[in-house]
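Chains A and B, in that order, give the protein sequences.
Just so you know, we're using the numbering used here here: the first sequence kicks off at 112 and counts up by one.
Just so you know, we're using the numbering used here here: the second sequence kicks off at 158 and counts up by one.
FYI, nobody ran anything at the bench for these hints, they're computed from the structure.
Just so you know, these numbers come straight off a predicted model, no measurement behind them.
Note that beta-carbon positions come from the ideal geometry of N, C-alpha and C, so glycine has one too.
Misleading hints may appear alongside valid ones.
[Unchecked claim] In silico EDC-like cross-links for lysine to aspartate or glutamate, where the CA-CA straight-line distance does not exceed 20 Å: (1) B:K271 x A:E183; (2) B:K370 x B:D185; (3) A:K240 x A:E202; (4) A:K211 x A:E149; (5) B:K271 x B:D259; (6) A:K240 x B:D259.
[Stated by the list, open to error] Now the stretches of chain B that chain A is said to cover, found in silico as 3 or more residues with beta-carbon under 8 Å: (7) 201-209; (8) 241-251; (9) 255-265; (10) 270-279; (11) 316-330; (12) 354-360.
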Amino acid sequence: MNATPVWVIFVASIFTNNILLASFLGMCSFLVCSNRIETALGLGTAVTFVTVFTTALNYVIYRYLLVPLGLEFLAFIIFIAVIAAFVQFVEMFVERFSPKLYYALGIFLPLITVNCAILGAALFMVIRKYNFLQSVSYGLGAGLGWALAIALLAGLREKMGYSNVPAPLRGIGIIMLVTGVIAMAFMGFAGMLNVQ
Amino acid sequence: MANDAHAAPGSGLGKSLCGGKCGFTIVDGIFKNNPIMIQVLGICSCLAVTTRLANAIVMGCALIFVTAMSNLFVSLVRSIMPRQIRMITEVAIIATFVIFFDQFLRAFNWNMSKQLGPYVGLIITNCIVMGRAEAFAAQNPPFLSLVDGAANGAGYAAVLALVAIVRELVGAGAILGHTVLSPAVYERNVLFLLAPGAFFTVGLIIWIANALKPREAKEAGK
């Protein structure tokens, strides 16, 4: 068991151990969907929502089904199946009961199954031996941290449209360098908390 | 997610023997259509496991194995696979090989398995594997798919090794754990071992690669 307090895990997963800037998870959609702030915020919300619930679900399945049966090696396939099924379910549910939310969130949902931040959160939860509450707060923090990072980059990219970037650096190159600078800024939080 | 352009060259060359087509597929996967540099897929693990060259090599081998095998099997079942459930089928095939590799690594190299941590499991969501299964293996014969998977995996592994060499050399003054630049002569830049260094290294490599590209290729792409 991991003895780190719940709130420490929550704060650390947003700032010091940001899932995108420190663990490099969810880069693909981070690079593609960070053109505009609204898109970034929409995707960020969807990722946070899905991460919280899938970490909780995956924890319960892992702890009470896979471990007693000695089937831990199936964790990968079970986790990805749970995430895919959950996303599918949420999509149907939201479409049926809240069309407004569906239009705001719906287009991002299919993108989320392949977002490695969500599977990554589940895997980190197993590796760090979190309990249920810790897992949920980690899932929430990881999702919020991801949303924060993509919103920051989207804000910078909107401004970057006005600047004169050297031709070979345009596109993916400059985004990498800018993300590096953001990651460096986030390293400033590292002294604040120390968690494993 | 996947590139549509890929199917064209193979068919254009068409009808020639498998030898010619294979050669083309290999060159395409490693150089012309490199998964990381050109298609910008699978950046996550490229940044995460490149602090040491040894880790990058193991990860590269994992990717070659998983992409090649999952391509082979997706290609084998492509005619009997119903269209609606093909994503799930592909994911299941990929996950099987990732579990296989993970168990193998745990059994024979526990330290490496601990260092790579969740990133072995995350090969499942690596867009390269899924992208090749979807764009190539679902339309091509088994052997050619196997070659395509291996070539794309090798292209990925090559970039991973390059990034890792830069980071390990600048950050720790070493290659594969052997000190190359002694601390007396060279002041180590630890930033390159940390997260921002990964972003900077990949950004700079992409910059150099774009600047060296011939002009017509530059205009053709984007």
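Tested hints:
{"no.": "1", "hint": "B:K271 x A:E183", "in the structure": "16 Å, holds"}
{"no.": "2", "hint": "B:K370 x B:D185", "in the structure": "16 Å, holds"}
{"no.": "3", "hint": "A:K240 x A:E202", "in the structure": "31 Å, violated"}
{"no.": "4", "hint": "A:K211 x A:E149", "in the structure": "16 Å, holds"}
{"no.": "5", "hint": "B:K271 x B:D259", "in the structure": "11 Å, holds"}
{"no.": "6", "hint": "A:K240 x B:D259", "in the structure": "19 Å, holds"}
{"no.": "7", "hint": "201-209", "in the structure": "holds (count 4)"}
{"no.": "8", "hint": "241-251", "in the structure": "holds (count 3)"}
{"no.": "9", "hint": "255-265", "in the structure": "holds (count 4)"}
{"no.": "10", "hint": "270-279", "in the structure": "holds (count 4)"}
{"no.": "11", "hint": "316-330", "in the structure": "violated (count 0)"}
{"no.": "12", "hint": "354-360", "in the structure": "holds (count 6)"}
Hint violations for this structure: numbers 3 and 11, all remaining hints satisfied.
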